[in-house]
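Enquirer: The listed protein sequences correspond, in order, to chains W and X.
Using the numbering used here, you'd call the opening residue of the first sequence number -18 and step up by one each time.
Using the numbering used here, you'd call the opening residue of the second sequence number 131 and step up by one each time.
These are computed hints drawn from the structure, not numbers from a lab.
Only a predicted model underlies this, so the values are computations on that prediction, with no experimental measurement involved.
Certain hints may be false.
Claimed, not checked - To give a feel for the contact side, a few chain W residues facing chain X, derived at Cβ under 7 Å:
1. -16
2. -13
3. -9
4. -8
5. -5
6. -2
7. 0
8. 4
9. 68
10. 69
11. 71
12. 75
13. 77
14. 78
15. 81
Beta carbons: idealized from backbone N, C-alpha and C, even for Gly.
As a plain string of letters, each chain reads:
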Amino acid sequence: MIDAIVSEWLKLRTLRSNLYLLAFSVLSVLLCAGVTFLVTRGFDNQSGDDRLNFDSIGAGLGTGLPVAYFVMAALGALSITSEHATGLIRTSLVAVPRRQLFLFAKIPALAAVTLVAGQVLVFAMHFAAQAVLGDRAGHVLLDGRTLGVSLSDPGVLPGLLVAGAAMPLVAMVGLGLGAVIRSTAGSLVTLIMILFVLPVVAQTLPSPWRARIGSFMVENLPDQIVAGDGPGVLTPSAAFALLLAYPVVALTAGAVAIAMRGRGARPLVAGGLAAALLVAVTAVPAGATASALTWKPCGKELECSSVQVPVNWSKPSGRKISIQIARLPATGTHRRIGTVFAIPGGPGGSGIEDLQKKGGNFADLRQRFDVVSLEPRNTTDLGVIPFDCLSTGPWITLPADRAGYDRLAARNRKAAERCRKTDPEYFDHLDSGSVARDVEAIRVALGEEKLNFLATSYGGVVAATYARLFPGGVRTMYVDGGINQLVDQTSHVRLKYEAIEGQFTRFAAWCESAAACALHGRDAGAVWRGLTAAADRAPVPVKGERVAYSGFDFKVAAAPDVITPGPAPDFPNWQRFARAIDQAVAGDAAGFADYVEQATKTIKVPSFRGMNSTHCTDGLAFKGYEEFQRMKALGERISPNFAGNALWHPLGCVGWPAPVANPATPMPADRLPPFLGAGTWTDHAETAALVIGVPGSSTVRYNGSGHGLYLSGNLCTISHANRYFTSLRLPPRGTTCEPPAVE
Amino acid sequence: MIEVTGLTMRYGDALAVDDLTFAVKPGLVTGFLGVNGAGKSTTMRVILGLEAPDKGMALVGGRPYGSMKEPMREVGALLDAGAVHGGRTAAAHLWCLARSNGIGRGRVGEVLEQVGLLDVAGRRIAGFSLGMRQRLGIAAALLGDPGVLMFDEPVNGLDPEGIRWIRELMRRLAGEGRTVLVSSHLMGEMALTADHVVVIGRGRLIADTTMAEMVERFQRGVLVRAADQPTLAYVLSAGGASVREEDGALSVSGLDATRIGELALARGIALSELTPRSASLEEAFMELTEESVEFGAGRAA
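This is chain W alone, in the form it adopts within the complex (with noise of 0.2 Å):
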């Protein structure tokens, strides 16, 4: 037996045209650093968002690898169809008679050799294409991979380990091949067929039986074996059967072939058994879950279903409500990861219909995860307390002492009654710790162990409420423009003066610039200070209607405009921002009056008890009279154009009739994973307090206007994002994305 290997070695060993053939497979490098070279010359003439749609190159063995392995595969060949092609054979096999033991004595040293030359490939094709690549090799892209890997990142140098290990097990495929075939050419073109055509073959059928398919193919085993985090749909176990099961066949194959007649079952047997065996590992679905649901289209790719929820999460058997859910299901061209559960803002914001309108934003994220939403209990629309009385609410004034406080209190609570006394135990479970318990009923009725969370806005509260009562259930937080419940009031107060000033200093400088702005010319800032400060005095009329602007109205109606200018460079709510104070300067607020009204049907921005019924259960309130004092005074003191407006939202909980059951307390940071935070000019500072609390954190800042960077689209964002639902990976702190350069 060792002298049968010893003698085989020697054979591999004597023969140039072996050397010439492995010196043949430099080739593969050159071809990794050639098309290498061709991605980053397109790279460089892209810019922003362009190059967030490159595809990665991984560990840069794409091209090279198939290459490398035919060389290993036709080595193995030949080193049993040259002996045919010469007659050798006949004198091989009367040196060594046992036929099987000739075939099989052929392996160590094909897998010696093939393993030595295999790695060293496999190290150069990766070195050679990161160097080609340079500094280009960490640039994040829409799927959240990097155009490059190094062999620092996790999951690399494993993954070219195997890809180099895959070497003698493809030079087995060979070996088997040519045994069953015996002619050279007949091998190599049967090779040829199987690690070049069909692989082209199966790039041609329609998503996601490209990648299906694909998965198969031996050149994209390693990597689904290790890495994963490209195209191919098997599991690790999967894939690494598959890899076992190609050699395995073949050499059974050729097992068979060279053993005399009517000797040839027990290779057969034994090889059928163990092939059957490794091809029904790869049968196994991949990433299957026990889930209960069924799910029902319900419009373009989405699909439906509910849950069903007790009303009162502390009473588990009593009445039960159904939660809506829908999804956008995995595409099928990766591996599955989980999925990804989007909570929306608000509150009371349906995240249904996030996923109907924006569901084109989660395209790349949908290769691995499917994209789960719901409609949560606080949603206006929902049917169980009328939505006339949800969506609207009184106006809220500034109460100038203690009993114009009460009286607010006594009027907010009057309100309220109006809607709660039609269902009170409903009403009074509208805060986001039910909402939570919601998601993680259904997080059990999807059957994920854990479920990847994208909040947006006030998605924040629910997220971090989630993350304090169900830290195991989080693979991955990514809070994007969050409320955080969790800062105290006078941090929270502070944040918001900070973000609106900002915002309305930059107004100013727009004004000053661009001839759009009806203030041009004119120093925005004292004309909306004048206004303001007059109108506190004297509030300013709406034409025709018998209502009057305070300052404080004027604040509340123009922080949305304020804060999100709308498209550049034309920033159509600044425009209107800045009419509308030209108009009320000369007189009247009906250019504030008039936008208010269209979005909320009334001419001031009314209290929306709605949104209260959840604020105000979540504790977003003042804890009493001598707090709101404090906070008016900081806003006096700190914000010179909005002063008061922090105050609105809090005022509209003054009096409020459902007790607070979701105060705020601390996440158990020790038992979660490291949270992502995006935010923009405007929300980005409340994010990150937020996220900061749970240690590892990171956030990437927005150098602009919005609010939701997620599902608005915003590719930079977007791919960090998806890079930490993938691989866990966090930017670096202080990353940054820039607004796309306008023309």
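Once you have looked at the hints, place chain X on chain W.
Expert: Chain X alone, transformed into the frame defined by chain W:
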């Protein structure tokens, strides 16, 4: 010792070897004779385990070849001088073979010297003439210093000097007590080399005998010319011979030349010619195999 017992080998409908039984003894050169296609090579391939017989068996030293762990130490074979990879050097080729049977590297040099290829040991086989390849094949057969040697048509392509060399080599090997089986379709060649012959035709055994017996068996009488032929014919007939006239001479059978001479002397008849005659071995071989060549008078297969 090679024993072939009831060997039957079919290729599809064609019967290549048909219930063949013979033994090859040590210390002798055994010629394995038959026309091309008679089944010699097939039989040798079966003996070497390259083919599995449909029936019967072939044993070398009492064991099937396939069961030997290091067969080259027991059997050396030259089946086909072309069965080599031209890309290897002669030494590398032999070293690969030797190693597979645990034979030391020193033997490679020894056998190369023995076959006269030492000078070209480092040259690639692709550049070898057929004669050199035959020598290389013989070197390979000798590697394991085996007790049994088999050569399939070893003189093909050799020059007269090479043919003589092989003939002497085989005689020497047999002289050392080894079993030597040499196939050929040329009877004349065998007559000079073999001690024993096994003749097959259409896969069947035709003759299994010593070379001497073979010669004896095809004795064709004695040709006699004498002054008084009629008298001599009478005398010889009386002595138990059968006599007939042939081209003015007498063809005598039943008595050998010595006895004929004695009887003629006793009667005082002068002999002008006394020639013992035998069929040429080539003729004898043809005679033996005539009926069994594929296109000859066939038996029902």
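Enquirer: Can the hint on residue -8(W) be confirmed by a CB-to-CB distance to chain X that is less than 7 Å?
Expert: holds (5 Å)
Enquirer: So, as I understand it, the hint says residue 0(W) touches chain X; can you test that by seeing if any CB pair is closer than 7 Å?
Expert: Check failed: Cβ of residue 0(W) comes no nearer than 11 Å to chain X, outside 7 Å.
Enquirer: Using 7 Å as the Cβ threshold, decide whether residue 78(W) counts as touching chain X.
Expert: Holds - the Cβ of residue 78(W) comes within 7 Å of chain X, reaching about 4 Å at its closest.
Enquirer: Hint check: is the beta carbon of residue 4(W) less than 7 Å from a beta carbon of chain X?
Expert: violated (15 Å)
Enquirer: Would the hint on residue 71(W) be counted as holding, given a Cβ-Cβ threshold of 7 Å to chain X?
Expert: holds (4 Å)
Enquirer: Against chain X, is residue -13(W) within 7 Å by beta-carbon distance?
Expert: holds (5 Å)
Enquirer: Against chain X, with CB atoms and a cut of 7 Å, does the hint on residue 69(W) hold up?
Expert: holds (5 Å)
Enquirer: Does residue 68(W) pass the interface hint, meaning its C-beta sits closer than 7 Å to a C-beta of chain X?
Expert: holds (4 Å)
Enquirer: Would the hint on residue -2(W) stand, with a C-beta cut-off of 7 Å toward chain X?
Expert: Holds: closest Cβ of chain X sits about 6 Å from residue -2(W), inside 7 Å.
Enquirer: Hint check: is the beta carbon of residue 75(W) less than 7 Å from a beta carbon of chain X?
Expert: holds (5 Å)
Enquirer: Double-check residue -5(W) for me: the hint is only fine if its C-beta lies closer than 7 Å to a C-beta in chain X.
Expert: holds (4 Å)
Enquirer: Go through the hint on residue -16(W) and say holds or violated, using the shortest Cβ distance to chain X against 7 Å.
Expert: holds (5 Å)
Checked against the numbered hints listed earlier, the structure breaks hints 7, 8, 15; every other hint is satisfied.
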